[in-house]
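Visitor: Chains as they are written, first to last, in full-length UniProt numbering: chain A, 1 to 115; chain B, 1 to 310.
Do not take every clue at face value.
Listed below are several chain B residues computed to face chain A (Cβ distance under 7 Å; list not exhaustive) [what the hints assert, rightly or not]:
| # | residue |
| --- | --- |
| 1 | Trp66 |
| 2 | Ala71 |
| 3 | Gly105 |
| 4 | Arg109 |
| 5 | Leu254 |
Calculated Cβ distances over 10 Å to all of chain A for the following chain B residues [unchecked claim]:
| # | residue |
| --- | --- |
| 6 | Arg14 |
| 7 | Arg36 |
| 8 | Glu68 |
| 9 | Arg91 |
| 10 | Arg114 |
| 11 | Gly152 |
| 12 | Leu156 |
| 13 | Arg157 |
| 14 | Gln171 |
Just so you know, the hints here were simulated from the structure itself, not pulled from any lab data.
This one's a predicted model, so the numbers in the text were calculated from it and none came from an experiment.
Beta carbons are placed, not taken as given, at the ideal position from N, Cα and C, and that holds for glycine.
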Amino acid sequence: MTDVLPQPTYGHGHGRPATGDTGNLADILERVLDRGVVIAGDIRVNLLDIELLTIKLRLVVASVDTAREMGIDWWEHDPFLGGRQRGSVGRGAGPEGPDAAALPEGTGRRTAEER
Amino acid sequence: MSDGQAFWLHGVTRQLRTEQLAGLTGTGGGPVEAVRVGDLVAVVARVDPDGYAEAALHRNLGDLHWLEEAATAHHRVVESVWRLGPVLPARLATVYRDGPALHAGVHDRRVALRTVLDQLTDRAEWGVKAYAVRSADEATEHSAGPVGGGAGAAYLRRRRAALAAGEAARQAAAEGAEAVHGALAGLAGAARRHRPQDRSLSGVAEPMVLNGAYLLPAERAAEFAELLRVLGARHPALRLELTGPWPPYSFAGLEDSETEDTEAGNAETGNAGIGNAGIEDESTGGGGTEDGGTGDGGGVEAAGVDGGRR
């Protein structure tokens, strides 16, 4: 973890504007995981929760709905996903959705939600 | 575009040649390439399909070290492209199995992509976070108050007063955050209010009560910063933090245009992307209490990763 500390801040009437403070890993992760344009990829991993920086990860879940839309199923030949059912992929499946249930052991979300 | 290579999409832009990205490496370590799709350009890096298949991605995204590298590389590319022109950053881990799939993915959404790109031209995103700071007044208030009854009663009174003060402070911070966001959104062309970061993510002990993103043309950046300064003075219970300029991550969404709506969904997409200042609000409860932990003044727990930075 290189730098998760907040960079220079300002408030209370001092400080300079427009200093390019975009080096904070937490901010970067938040942006790249949670925002940005969603274009149909063959694979789209949908991280619904970006609190990944915690030691106790709350990892989340893929949704491959867009791939399904495009009729792509190549990962189903992946031995890791051998048990996966075709119907398990659904649009808008949340963290509790069928996608998560269909993931093989150890590759799905890890929900260590305690803090 | 050779077989046996998948493509990691970093973003979409209008005009770019691969030469302009010379020396830049993408996620996975490969060189960044500009792939023309009609009048758009997909900015990609080739990745090993095995390492980026869905199961592998799941494993990798659970690996903080991997995630950090991927996210940092992705961001670096997005930012580099953005310095050359408008860019729609792709959500992390948008991967195509081959060239034709990449082409189709972008082509199918070209109208919406173009629209949003137009809206984001010459715009930057600025992030503003507000943290609730505890004033000295509050801290001393607790010990004051009328005396009477035994030690137990006094304790209960103090405890009650402390709780009330804490609640009042939270309320005040939430209202302050609302006011700050409203003022900033008024100046910005578009604004989003994101979920406040948990302490463990922010690395800051104080609860975050505002996590806003604001889209601004370059010439308004100074004005925005000045407004923020004024707001900081007006709301001493908040500590405001500015980050940016960022590529417009928070305003690049095509929203519902994921469906086959390239033409029809156009207007809606434009709407969702721009001009709804302050409407989009994914923060919960407005007070940074998304899961009950954030607003709890007692649970400091060393602020997660690097500990105790205030």
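Visitor: Are the hints correct? Go through all of them and say.
Guide: Verification of the hints:
no.	hint	result
1	Trp66	11 Å, violated
2	Ala71	5 Å, holds
3	Gly105	5 Å, holds
4	Arg109	6 Å, holds
5	Leu254	6 Å, holds
6	Arg14	14 Å, holds
7	Arg36	16 Å, holds
8	Glu68	6 Å, violated
9	Arg91	4 Å, violated
10	Arg114	12 Å, holds
11	Gly152	32 Å, holds
12	Leu156	28 Å, holds
13	Arg157	31 Å, holds
14	Gln171	20 Å, holds
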